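Please model the complete structure; the sequences and the hints are all you need to start from.
Number of protein chains: 2
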Amino acid sequence: MKVLLVGGCGFIGSHVVDRLLTAGMSVRVFDRRPEPFRPPVEKVDYSFGDMRDTSLVYEAAADVDAIIHMASMTVPTTANLDPVEDVTGNLISMLRLLAALRDRPLRKFVFLSSGGTVYGIPESVPIMETHPLRPINSYGIVKVAIENYLHMEQHLHGLPSLVLRASNPYGPRQGHAGVQGVIGTHLWRIAQNQPTEIWGDGSVVRDFIHVRDLAALCCDALLSDLTGCFNAGSGQGASISEVVAEIGSVVRASGFAEVKPTHKPGRNYDVPRVVLDISKAKKLLGWEPQIDLAEGLEETWTWVLSQVTD
Amino acid sequence: MKVLLVGGCGFIGSHVVDRLLTAGMSVRVFDRRPEPFRPPVEKVDYSFGDMRDTSLVYEAAADVDAIIHMASMTVPTTANLDPVEDVTGNLISMLRLLAALRDRPLRKFVFLSSGGTVYGIPESVPIMETHPLRPINSYGIVKVAIENYLHMEQHLHGLPSLVLRASNPYGPRQGHAGVQGVIGTHLWRIAQNQPTEIWGDGSVVRDFIHVRDLAALCCDALLSDLTGCFNAGSGQGASISEVVAEIGSVVRASGFAEVKPTHKPGRNYDVPRVVLDISKAKKLLGWEPQIDLAEGLEETWTWVLSQVTD
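So the sequences go chain by chain: Y and B. Start counting at 1 in the first sequence, then tack on 6, and there's your number in the working numbering. Start counting at 1 in the second sequence, then tack on 6, and there's your number in the working numbering.
Honestly, the hints are just simulated from the structure, not real lab data. Here the structure is a predicted model, which means the values were calculated and not measured. It cannot be assumed that every hint is accurate.
Pairs count within a copy or across copies, as identical chains cannot be separated in the list.
Here are the simulated SDA-like cross-link-like pairs (lysine to any residue), alpha carbons at most 25 Å apart as the crow flies [unchecked claim]: (1) Lys286 to Pro201; (2) Lys286 to Leu103; (3) Lys288 to Ser255; (4) Lys289 to Gly208; (5) Lys286 to Trp205; (6) Lys270 to Gly164; (7) Lys270 to His161.
Structure representation (structure tokens):
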């Protein structure tokens, strides 16, 4: 099976690449630029460009059996700065791509959506896939619109699609720009002896999933005959305070100073509590997360240290 | 109270104008062009332009207390022809408008959404507002995205908005272009002795609401302190075959020949059955539809005849 990974040089994409190669698949990657943390992977066929250039993505999709689309021009924390750009860069690009792909007989289209934003403020946790979709930020609204267009594409033109609503992934190769992922950001700053800060009082609860668990699910989704939406989290909630405390004990164990983050005002587009119910993916895809938070944090910290001392 | 009606020269808009004037409100209308079926209405302040030109709409919104937005660049039957244009013309225009309006202290923003498309294929009828939103055409997907951005705007910036999910409005002043409204289209064609046609076998069920009932609800929505989404239908389902039969008896009573529509293949983006549960609007807004289908059809037919013989 030959697979195109749109956004395959990103944090999550790089782990999906590993997983697909291990599973013996042929992998092509389309992205804006090479992976930042390792050299090009042998056996991967790379193609570089802007995903708003539909013809380039279409070309990269030549002779593939399936596509995993995990590219986004925005992240949850930046999408609200310019919702028009969010819609143009992500939604319209997807519409053009879907129209172009209609003459390509794809076996599967897997799309990475956002379990942390599409539901909005949850009525209760853990959140099932049937929970109403009431996003309160642009990132989530655009993801819902793309999910709906995929649903329509399947209904009208037969493209089998599976949507993974990912929670908060973390792990090795997560960047340190500070806009994506509290765990990566904190570990990078600590490793570089920089002060850390958190938004709000630390009571916000998130569902952190190790990136290799998420990559495994992407692979399972690709191979499954099922379509529709699946939550992709750990199924466990952890408050930011708990995560910061856990990070503290991990870094102290390797001789770093205790971590005392400063608090910034909470952000009104942050929902208070997200924990995904992952029983659907467990039951129907036979998948289960393998790496718990403590173990994953240790591994990620080791990786961050290896990058900083390099 | 001074109200701006965006799309106020359209079929529904023209009746909302009447209703607001009757209620003693001051009315400004923004639209692409004047009403097609009557001269400019005295006391209405008209402003013409393209709603994609945000500065024009912003200017028209000067010193108003509230806005009713019922303009759309597309209709359900055309939106799928060019989803990119649907997103650009409707969604992006709305995003720019909402951003521009943030310095205007509006008392209310009423948006006309689509009860016939936002729910997709209903799990059961009548459909409540809490039914999952799973649209299968671009028109409905864009309406859902706009609903979500309004929800976000209220959450983040305090704009009080109320969304009306209208079913199939019909009545005097409905156009005859043949893309919007089976009732209007049939009556116009019969009055001009042209053959009529229907998509599919006539078993598709829709919820037809008289346009004055809908206009009354728009006015109630404007004056209410409530926000959120409300279904706006008659609460009654009628199949296309039933409507055609009813039309037949109405037109025969005025000496026209029996109507035998030809059947065209069904359209795969038509959902089989839509009947809205309107108990929320009844209970919370104290509104109730007043005009039943038989009575409304007779009135509409009389109006169509008056236009044809003019």
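Verification of the supplied hints:
1. Taking the shortest alpha-carbon separations for Lys286 and Pro201, neither the intra-copy value of 40 Å nor the inter-copy value of 52 Å comes in at or below 25 Å.
2. Neither within a single protomer nor between protomers do Lys286 and Leu103 lie at most 25 Å apart by alpha-carbon distance, with minima of 29 Å and 40 Å respectively.
3. For the identical chains of this complex, Lys288 and Ser255 are neighbours neither inside a copy (31 Å) nor across copies (58 Å), given an alpha-carbon limit of 25 Å.
4. With identical chains, the CA atoms of Lys289 and Gly208 are never at most 25 Å apart, being 33 Å at best within one copy and 41 Å at best between copies.
5. In this homomeric assembly, Lys286 and Trp205 never come within 25 Å of each other (Cα to Cα): the closest approach is 32 Å inside a single copy and 38 Å across copies.
6. Taking the shortest alpha-carbon separations for Lys270 and Gly164, only the inter-copy value of 22 Å comes in at or below 25 Å, while the best intra-copy value is 48 Å.
7. In this homomeric assembly, Lys270 and His161 come within 25 Å of each other (Cα to Cα) only across copies, at 20 Å, whereas the closest approach inside a single copy is 46 Å.
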